[in-house]
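Respectively, the protein sequence lines represent chains A and B. In this text, residue positions in the first sequence follow this note's numbering: the first is 39, and each later residue adds one. In this text, residue positions in the second sequence follow this note's numbering: the first is 3, and each later residue adds one.
Hints are supplied without guarantee of correctness; some may be wrong.
[Claimed, not checked] Straight-line distance between alpha carbons at most 30 Å, and here's what the computed DSSO-like set of lysine-lysine pairs gives:
| hint | chain 1 | residue 1 | chain 2 | residue 2 |
| --- | --- | --- | --- | --- |
| 1 | B | Lys13 | A | Lys80 |
| 2 | B | Lys18 | A | Lys80 |
| 3 | B | Lys80 | A | Lys108 |
| 4 | B | Lys64 | A | Lys40 |
| 5 | B | Lys73 | A | Lys108 |
| 6 | A | Lys80 | B | Lys80 |
| 7 | A | Lys80 | B | Lys73 |
| 8 | A | Lys40 | A | Lys105 |
| 9 | A | Lys80 | A | Lys138 |
| 10 | A | Lys80 | B | Lys17 |
| 11 | B | Lys80 | A | Lys40 |
| 12 | A | Lys40 | B | Lys73 |
| 13 | B | Lys80 | B | Lys64 |
It should be emphasised that the hints constitute simulated quantities derived from the structure, not laboratory data.
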Amino acid sequence: QKEVEQDPGPLSVPEGAIVSLNCTYSNSAFQYFMWYRQYSRKGPELLMYTYSSGNKEDGRFTAQVDKSSKYISLFIRDSQPSDSATYLCAMSSLGSSASKIIFGSGTRLSIRP
Amino acid sequence: EAGVVQSPRYKIIEKKQPVAFWCNPISGHNTLYWYLQNLGQGPELLIRYENEEAVDDSQLPKDRFSAERLKGVDSTLKIQPAELGDSAVYLCASSLGPPGEYGYTFGSGTRLTVV
Numbered sequence: 039q040k041e042v043e044q045d046p047g048p049l050s051v052p053e054g055a056i057v058s059l060n061c062t063y064s065n066s067a068f069q070y071f072m073w074y075r076q077y078s079r080k081g082p083e084l085l086m087y088t089y090s091s092g093n094k095e096d097g098r099f100t101a102q103v104d105k106s107s108k109y110i111s112l113f114i115r116d117s118q119p120s121d122s123a124t125y126l127c128a129m130s131s132l133g134s135s136a137s138k139i140i141f142g143s144g145t146r147l148s149i150r151p
Numbered sequence: 003e004a005g006v007v008q009s010p011r012y013k014i015i016e017k018k019q020p021v022a023f024w025c026n027p028i029s030g031h032n033t034l035y036w037y038l039q040n041l042g043q044g045p046e047l048l049i050r051y052e053n054e055e056a057v058d059d060s061q062l063p064k065d066r067f068s069a070e071r072l073k074g075v076d077s078t079l080k081i082q083p084a085e086l087g088d089s090a091v092y093l094c095a096s097s098l099g100p101p102g103e104y105g106y107t108f109g110s111g112t113r114l115t116v117v
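Just chain B, with the same shape it has in the complex (with noise of 0.2 Å):
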């Protein structure tokens, strides 16, 4: 079984230009998330998706944030215009239910560098 798919890896970008981190989760996890891993920090959710609801994104930055997950299956998280301060791991992790039950499943991360 394939695992969260992530793409791109890493990416490499001037600040205030746009930037789109893609991901694919496991099949039949319906419960998906984006979370944000500075160095040496633990991760910190961004969005929740339950199918193609958002139903928690309220530490996500929305003045330059935006998120989708059309078809409750692949989603994309985009920032505009990106900040040097943007510069981090961003994870995408999917679940098969609530996640004190059944853990999350993380993608291996885009690593942004703004510059």
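If we strip away everything but chain A, and leave its shape as in the complex, we get (with noise of 0.2 Å):
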């Protein structure tokens, strides 16, 4: 079983929409947790971070984490074509195992004009 599990999709939706994206993980040490846009032949950028439990919102964007059900989201309201990407969602823990991330596989998602 792989430590961050992620839905590849392809999740395809029509602009405007409310898109949720979600990931489970296993480790209960994860303490950060960030998600990543990534477009086609570009490397990933981070998105959003979040450390420990709760929500954080950033324009159209709102990050969720649940540890007690080790379970996070991404949202994006009123979704745009250029929202189109792969997002990736990463997880980190504390101590030396701090410096290094962990990736789900990610999702591929679709805005449709």
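Got two chains here, each in a separate frame; can you build the complex from them with the hints?
So, in structure tokens, the structure goes:
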């Protein structure tokens, strides 16, 4: 079993819809939770970052972490065609292993105009 | 500020040939990472450097892969000899501090095709 599980999609929604992307994980030591966005033929770029449990909002994006369920989510409101990309969840733990991030396999998202 | 720069962007080689990838991290980022990304998968760590020192190379296939980071700045990843299964995107990333707190900045990657 992988430490981080993510549905690969693809997920296709119409422009303006609310998008929900999710990941589950098995390592209870994870404390830092991130979402990266990766456009085709580009490297991943950090989109959202959350420490421990709770919600974080940044414009149209909201990240949620539920450590009791080992479940994290990214919500995109008023989705735009420019949001079409692969979204990777990522996690890291404290201590020396904090210097390594474990990535999910990514969810391909397509926003239809 | 320039981001993480990688070259070449694309490389096609025949199996059993050597290949090298180069990475220039963001200025001031002491931590450098090489990741491997297969199609439809997330990046997987190959090696992590703190300045010149490789502090985590447990996932690097040392029989054919090698890496160096001279003077704690630029880094080179080498494969010799390349195998068909090495076809993937090789990503370099750098970080200002513990990535759990700072995240990574990735380069655009080198897409390797071994034929």
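Against the structure, the hints come out as follows:
1. B/Lys13 - A/Lys80: Judged against 30 Å, a Cα distance of about 15 Å means the pair holds.
2. B/Lys18 - A/Lys80: Roughly 27 Å separates the two Cα atoms, so the pair holds.
3. B/Lys80 - A/Lys108: Given that 30 Å is the threshold and the Cα spacing comes to 37 Å, the pair is violated.
4. B/Lys64 - A/Lys40: OK: B/Lys64 and A/Lys40 at ~24 Å, within 30 Å.
5. B/Lys73 - A/Lys108: violated, 41 Å
6. A/Lys80 - B/Lys80: holds, 21 Å
7. A/Lys80 - B/Lys73: holds, 27 Å
8. A/Lys40 - A/Lys105: holds, 17 Å
9. A/Lys80 - A/Lys138: holds, 21 Å
10. A/Lys80 - B/Lys17: holds, 25 Å
11. B/Lys80 - A/Lys40: holds, 28 Å
12. A/Lys40 - B/Lys73: It is violated: about 36 Å lies between the C-alpha atoms, which goes past 30 Å.
13. B/Lys80 - B/Lys64: holds, 10 Å
Checked against the numbered hints given earlier, the structure breaks hints 3, 5 and 12 and satisfies all the rest.
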